[in-house]
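Asker: Protein chains in written order, with the working numbering: chain D, 1 to 137; chain L, 1 to 104.
Hint data in this document are derived by calculation from the structure and do not stem from the laboratory. All values reported here derive from a predicted model rather than from experimental measurement. Glycine residues also receive a C-beta, built at the ideal position from the N, C-alpha and C atoms. Errors might be hidden in some of the hints.
[To be verified] Some chain L residues close to chain D (C-beta under 10 Å, calculated; not the full set):
#  : residue
1  : LEU12
2  : ASP18
3  : VAL19
4  : GLY21
5  : MET30
6  : GLU33
7  : ILE35
8  : GLU38
9  : VAL40
10 : VAL82
[Said to hold, decoys possible] Distance windows between CB atoms, simulated:
#  : chain 1 : residue 1 : chain 2 : residue 2 : range
11 : L       : THR91     : D       : ASN21     : 36 to 46 Å
12 : D       : ARG57     : L       : PRO78     : 27 to 37 Å
13 : D       : THR85     : L       : PRO78     : 23 to 33 Å
14 : L       : LYS96     : D       : PHE54     : 24 to 34 Å
[To be verified] In silico DSS-like links for lysine-lysine, alpha-carbon gap of 25 Å or less:
#  : chain 1 : residue 1 : chain 2 : residue 2
15 : L       : LYS72     : L       : LYS93
16 : D       : LYS112    : D       : LYS68
17 : L       : LYS15     : L       : LYS72
18 : L       : LYS15     : D       : LYS36
19 : L       : LYS15     : L       : LYS93
20 : L       : LYS96     : L       : LYS72
21 : D       : LYS36     : L       : LYS93
22 : L       : LYS96     : D       : LYS36
23 : L       : LYS15     : L       : LYS96
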Amino acid sequence: MPIRLIADVLDEQLVDVHGENAGRVDGIVLELRDGKPPRVAYLEVSPITLLGRFSLRLAHWYARHDRKFGEGRGVPFRVPWSRVTREGPTLELDFDADVTPISALEDWLRVKIVEHIPFSRGKEDETRERGGRNGAA
Amino acid sequence: MELHEAHAERLLGTKVRDVNGEVLGRLEEMIVEVIDGEPVVTEFHVGPVALLERIGGFLEHMPYFRLLPFPKWEYRIPWTDVELGEVGRVTVKVAKERLRRVEE
Chain D
1 MPIRLIADVL DEQLVDVHGE NAGRVDGIVL ELRDGKPPRV AYLEVSPITL
51 LGRFSLRLAH WYARHDRKFG EGRGVPFRVP WSRVTREGPT LELDFDADVT
101 PISALEDWLR VKIVEHIPFS RGKEDETRER GGRNGAA
Chain L
1 MELHEAHAER LLGTKVRDVN GEVLGRLEEM IVEVIDGEPV VTEFHVGPVA
51 LLERIGGFLE HMPYFRLLPF PKWEYRIPWT DVELGEVGRV TVKVAKERLR
101 RVEE
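One chain only, chain L, in its complex shape (with noise of 0.2 Å):
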């Protein structure tokens, strides 16, 4: 079994496309669980709604930056979704319409 390594940090802000090259939005966050005793990310978000997410949850709560017309919506992929390249290429291997997007 082949063995790569991976660096998060340069993978966020990467433009994800889907299997026929269209962009999806970019990689903002990664979902990590132990699963066997393992550290592993089972769930990547691509999306406006991601970044808001990482960039600090408490602008939602602000006054009035609700009625912002900030894009509210993430694609949530799963891993076996997802094809992650070294040099920092990250493709989804179906079609951007059987992709899960969630509306917030």
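Extracted from the complex, chain D is given alone in its bound form (with noise of 0.2 Å):
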């Protein structure tokens, strides 16, 4: 059945093998070949992309500075599209997010500022509310 690249999979949510968000769908990178079609190799999930949509160069300035968060930051992450399977309008991972860089400016901010914030809650909090809603279901 026939995809609509953009309109079915540029900016559509991303979850994970847990059931997780995982952010959207930033970027859809097309390998060109010779002779052949382009093929869809990979979606990008990183605000450099979605950055790279406005201004090249305000991609270039944020990824510059998140080079300096440490190692595999400064790239848009990349995921192959093989592992990604169409359940409607979103789109699954075959993986777990939290392993990878996709949420690190979340965490990072969650962790400098939204933590400090008085009555805020934190990423434990809500983990241990969400088991206890399941298990109560």
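Dock chain to chain to rebuild the complex, using the hints, since each chain is given by itself in its own frame.
Answerer: In structure tokens, the structure reads:
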């Protein structure tokens, strides 16, 4: 069945193997081959790719700063198309997003800012609450 | 064989020109099919209907929307006729007259 690459894939929600949100599709990488149709190779999930849609200079500026946060940072995270399946409007990954840098920015913001706000809830609280709800159900 | 990459999201909205340099419209959609186990782009949609398709087909169902003088055509161009540049340039290898124009 044909897929509309822009309408059905770009900006769509990704969920990981545990059903947790794993960001949205910020970019789609096509592999151009001589004499063959362009192959959908990777989906990119990264603020760098998102910024690159508006301004490449802004994306490069962000990547330069992001690189300082450690190994593997400063470049968009790529998901091979073969590791994605379509389930209705959502795209499912066959791995755990927590072991990837997909939510690195959100994690950094949570640790450095959100958890310091009075009465804010940390990730552990959310996980515990979700576990309790699932257990009750 | 040389390998190159292009970003679909950066090609979006790019002006597409035919072999004579004439502008056909803007690239709005790419159709992907699985051929021999590989997801490949088989068709490119250029023009205002493709844009409408992308930003929300629901607009067509809104009252009086059909009365608006919105241009309703698009070119559906097979991948064999399209040349994608890595720098975001999209050109068609044939003349505009030879392309499939779909009126709605």
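Asker: Next, verify each hint and record whether it holds.
Answerer: How the hints compare with the structure:
1. LEU12: With a closest approach of 6 Å, the LEU12 (chain L) hint holds.
2. ASP18: This interface hint is violated because 19 Å lies over the 10 Å limit.
3. VAL19: At 19 Å from the nearest chain D Cβ, VAL19 (chain L) fails the 10 Å test, so the hint is violated.
4. GLY21: Cβ of GLY21 (chain L) sits 22 Å from chain D, so the hint is violated.
5. MET30: holds (4 Å)
6. GLU33: holds (5 Å)
7. ILE35: holds (7 Å)
8. GLU38: holds (6 Å)
9. VAL40: Nearest chain D Cβ about 4 Å off; hint holds.
10. VAL82: holds (9 Å)
11. L:THR91 x D:ASN21: 36 to 46 Å: This hint holds: roughly 39 Å between Cβ atoms.
12. D:ARG57 x L:PRO78: 27 to 37 Å: At roughly 35 Å between Cβ atoms, PRO78 (chain L) and ARG57 (chain D) fall inside 27 to 37 Å, so the hint holds.
13. D:THR85 x L:PRO78: 23 to 33 Å: holds (27 Å)
14. L:LYS96 x D:PHE54: 24 to 34 Å: Since the Cβ atoms of LYS96 (chain L) and PHE54 (chain D) sit about 31 Å apart, the hinted range of 24 to 34 Å holds.
15. L:LYS72 x L:LYS93: holds (24 Å)
16. D:LYS112 x D:LYS68: Roughly 16 Å between the alpha carbons, so the hint for LYS112 (chain D) and LYS68 (chain D) holds.
17. L:LYS15 x L:LYS72: holds (18 Å)
18. L:LYS15 x D:LYS36: holds (23 Å)
19. L:LYS15 x L:LYS93: Status holds; Cα separation ~14 Å.
20. L:LYS96 x L:LYS72: The given pair, whose Cα atoms are some 17 Å apart, holds under the 25 Å limit.
21. D:LYS36 x L:LYS93: holds (15 Å)
22. L:LYS96 x D:LYS36: OK: LYS96 (chain L) and LYS36 (chain D) at ~23 Å, within 25 Å.
23. L:LYS15 x L:LYS96: holds (14 Å)
The earlier numbered hints that this structure contradicts are 2, 3, 4.
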